[in-house]
Amino acid sequence: MLFNSIGFIVFLSIVFVLHWFIANKSLKGQNLLLLVASYFFYSCWNYKFLFLLIFSTFLDYYTGIKISESENIRNKKLWLSLSITVNVAFLAFFKYYNFFAVSFAEAASDFGFHTDPWVLNIILPVGISFYTFHGISYVIDMYNNRIKPEKNFINYSLFVSFFPLLVAGPIERATHLLPQLQRKREFDYLQAVEGLKQMLWGFFKKIVIADQCSIYVNMIFTGSTNLSGSTYVLGAIFFAVQIYCDFSGYSDIALGTAKLFGISLLRNFAFPYFSRDIAEFWRRWHISLSSWFRDYVYIPLGGNRGSLWKKIRNIFIIFLLSGFWHGANWTFIAWGALNAVYFLPLMLLKKNRTNLDIVAKGKILPSAKDVLNMALTFGITCFAWIVFRSQSLEEALAYFKKIFSSSIFSIPYFPGIGSLTLTMITTIIITILFFIIEWLGREQQFAIASININWSRPLRWSAYFATVIIILIYSNNQQPFIYFQF
Amino acid sequence: MQGFLKKVTIFLFILLCYFTLLYFVNLTIIQKKNIGWKNCELLIAGDSHTQRALDPKLAQSAINISQEAEPYCITYWKLKKYISRNTPSIIILGFSPHNLSSFNDKKFSDKQWADEMFKRIYSMKNFSLPSNVRIDKYEFYKTKFHLMCLYPRLNPFDYKGGYSNVNAGDISDVNEAIKRHFFYNGSEADLSNVSAEYLDSITLLCKDKKIQLAVIATPTYYSYFSGIPKKFSDYYDLEKEKLSKAGVIVLDFSSERYPDNFYLNADHLNARGAEKFTNQIVELLSVDKINKSNLESRK
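In the order they appear, the protein sequences are chains A and B. The letter at position 391 of the first sequence is residue 391 when you use our numbering, and the numbering goes up by one with no holes. The letter at position 81 of the second sequence is residue 567 when you use our numbering, and the numbering goes up by one with no holes.
No lab work stands behind these hints: they were computed from the structure. Keep in mind it's a predicted model, so treat the numbers as computed, not measured. Keep in mind that a hint or two might mislead.
[As the list claims (entries may be wrong)] Computed, partial: chain A to chain B, Cβ under 7 Å:
id, residue
1, 187
2, 189
3, 192
4, 470
5, 473
6, 476
Where a beta carbon is used, it is the ideal one built from N, C-alpha and C, also for glycine.
Take the sequences, apply the hints, and build the full model.
In structure tokens, the structure reads:
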């Protein structure tokens, strides 16, 4: 069940009505309903993997209690290790086994040992990377005495499986979400309206921008090999826009949906393409994952304390892990390494926390310096996205070669379509308008959170109607969310 | 909560009114607007083979309403619509072995064609499919909603068709073309009874209206032609014989050798090829030359 499907809208409407009209008498009723709905939602993808989800949930629930009950540190460590080992083992088995088997066989053949690797013919359970991280963060927080164990299995299961965040995050923290699930929720009109607005904006990003860009991205990355350098540059920019609108659109829909049930989820994006350096970009891009790695890997490793080599090691570890988290492919690892290389000079020069505030805060236009910095950051980010989007490192290198050809200054041309068709020009114009709205709303939680707050109701509603109709017009080219594959 | 639900309901109600209004606007456009098919002596119908191979500008009083991937059920409806207002002397219908492949029956249920087919049939009044052709109704109504309820479509006749070609060429897609036409989901496709029945219906339609029907197989690249599975070529030969007995002119150019640079791809002619082929057909079909001795040789 995709968020951008009629099925999801029907499902959401039913759960919303049941939640506030039937199950609203008690907290238990509310949470039980949301849990059943979440399991139903997950079963629509693949009901067989529901058992894996329930097992993983039970494991972390049980070990969490055991950690809190253990009186000595040795037992605590034992239970923590058990939980982390099993969670990581499942993730490794489903997500990385084939990668390691094939890579090992390739490495062995380089040394003259020919092996026929045994590969698994299985699909990746949807959301495994996300719910595994939920569980791990819970037991680590328990071990560090940051939270008390959740004794109610329904509440804990809902923390892991709440349907808006189940398949692609945001990666929640028990300290943030569990307390919200432990008290009965009352309907909040303003929160619900904000939720609908955020969902609308998420659908707009996904359907109108990301799915349109995907047409050209697919054409350039997987299509003809005889394109001009400028077309490949355009392809990289289109992909940068696509992946942002796809994933942040998903996050907006997830956050908006949760608000309809009176639940606030962690923010995942904060206008990352308006970042003035790569450190700021990483504070604004996929925030729930970056902060997860920061809190559970980087800081325990020593963070930016210690010798120079230790600092460099820590940076590379978290960026490589972050890349590898996305999937079992060398391209993701290379993408992580590239970002570490971008980040390192800033950290060594102690400039990684220079741009902590919002760019041009309180102003309409940025300074020339800010524009230059944003353009540079966007440029190097696009460069890294090429590696991320390519199927292999060879393909990525070939893409770079094609960009830096003599045709880089020619007009982009698409075989079978032409240079700039009306559809493409429309996509570019809508994308530019979208970024203008994002710029104007950059001080909010999401771009249109309060952009129309002072408008009269007819004008505000007209804007909503227009957005809905534009979304519907563009909805005939539905693509799955990119991050569902991770 | 009540206030919230009230506002959401009003919002949805206004939206519903908008969709309804637009539906009737588009319905009016479909009913009132003229498709723009002119009266002619020679009408060319079929799929991409005739769409690319026969340039009506090279013939006197001819129009081409062929359209790529068009199955016979749509062609039959289009011919009926055309004949209801016009009376051509001759109808040329594209007829090649791939027209008898069951992949044509999947065009209303398989995603790779269905969206395009729904876009064409949504504005066809009284169009219906036989019960043995599966249609993805959910996708059909979704497409219909998109095209009828969101904005006024000033040109709703997506089935109109017309000659279209370029002077390019790449004949390296022989295997893909064979796979596309005669295989489905990795195994050899079945023969399509539905297509054969519609072919019979078109024959009867022309007979009723006293219009001479000529079926035509356009030149294809020799390796495509020789790669057609035997089951299809045998059935094709049987159908040709049946049509011939029913008084239909059968013109089979599928094995005709044209120079490589006359092909757009393995199974289509390019603009250069179309020019030569159209002249050849016009010559063959010119009124005083439609006689048995001339045409027998093409069977």
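Notebook entry, point to check: Against chain B, is residue 470 of chain A within 7 Å by beta-carbon distance?
Noted result: At 9 Å from the nearest chain B Cβ, residue 470 of chain A fails the 7 Å test, so the hint is violated.
Note to self: A closest beta-carbon separation below 7 Å is what the hint needs, so does residue 476 of chain A meet it against chain B?
What the structure shows: At 6 Å from the nearest chain B Cβ, residue 476 of chain A passes the 7 Å test, so the hint holds.
Notebook entry, point to check: Is the interface hint for residue 189 of chain A satisfied, with its Cβ closer than 7 Å to some Cβ of chain B?
Noted result: 5 Å, holds
Notebook entry, point to check: Against chain B, is residue 192 of chain A within 7 Å by beta-carbon distance?
Noted result: 6 Å, holds
Next item on the list: Using Cβ atoms only, decide whether residue 187 of chain A comes closer than 7 Å to chain B, and label the hint accordingly.
Entry: 5 Å, holds
Notebook entry, point to check: Is the hint on residue 473 of chain A kept, meaning its closest Cβ partner in chain B is under 7 Å away?
Noted result: 5 Å, holds
In summary, the structure is inconsistent with hint 4 from the numbered list given earlier, while agreeing with all the others.
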